[in-house]
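**Student:** Sequence:
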Amino acid sequence: MLSGCVGMSLIVFMVVSSLVGTLIPMLFHKIHIDPAVASGPLITTTNDLVAVVVYYGLAMVVLIDLFHLA
418 MLSGCVGMSL
428 IVFMVVSSLV
438 GTLIPMLFHK
448 IHIDPAVASG
458 PLITTTNDLV
468 AVVVYYGLAM
478 VVLIDLFHLA
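Numbering (our numbering), first residue to last: 418 to 487.
Heads up, a few of these hints could be off.
[As the list claims (entries may be wrong)] The following label-pair restraints were derived from C-beta to C-beta distances: (1) Lys447 - Asp482: 37 to 43 Å; (2) Val454 - Val433: 20 to 26 Å; (3) Ile428 - Asp482: 31 to 37 Å; (4) Asp482 - Gly438: 40 to 46 Å; (5) His449 - Val478: 16 to 22 Å; (6) Leu480 - Lys447: 38 to 44 Å; (7) Ser435 - Gly474: 15 to 21 Å; (8) Pro452 - Phe484: 40 to 46 Å; (9) Val454 - Val478: 35 to 41 Å.
The set of hints was computed from the structure by calculation and includes no laboratory data. Being a predicted model, the structure only gives us computed values, none of them experimental. For every residue, glycine included, the Cβ atom is placed at its ideal position computed from N, Cα and C.
My request is simple: use the sequences and hints to build the entire structure.
**Tutor:** Here it is, written out as structure tokens:
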């Protein structure tokens, strides 16, 4: 169950991470800010936060709410 939860969270995180990495530079280009300079720290911070939220969220839903392991 734990490995399934980790695998599911990795798949969700990779999809969300690729979307964020694509959309943030496009947004900055649209509002006339240099995407190469401005998007680096924002993408890294967003990806880190999304990874933590997705992993702990899925762990709570799958392991605690669904299987009652806590």
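**Student:** Are the hints correct? Go through all of them and say.
**Tutor:** Hints, one by one, checked against the model:
1. Lys447 - Asp482: 37 to 43 Å: Because 40 Å falls inside the window, the suggested range holds.
2. Val454 - Val433: 20 to 26 Å: Taking Cβ atoms as reference, Val454 and Val433 lie about 23 Å apart, which means the hint holds.
3. Ile428 - Asp482: 31 to 37 Å: Given about 20 Å between the Cβ atoms, the range is violated.
4. Asp482 - Gly438: 40 to 46 Å: Violated: the Cβ-Cβ distance is about 30 Å, outside 40 to 46 Å.
5. His449 - Val478: 16 to 22 Å: violated, 41 Å
6. Leu480 - Lys447: 38 to 44 Å: 40 Å Cβ-Cβ, so the 38 to 44 Å window holds.
7. Ser435 - Gly474: 15 to 21 Å: At 19 Å between Cβs, range holds.
8. Pro452 - Phe484: 40 to 46 Å: holds, 43 Å
9. Val454 - Val478: 35 to 41 Å: holds, 38 Å
Going down the numbered hints, you'll see the structure goes against 3, 4, 5, while the others check out.
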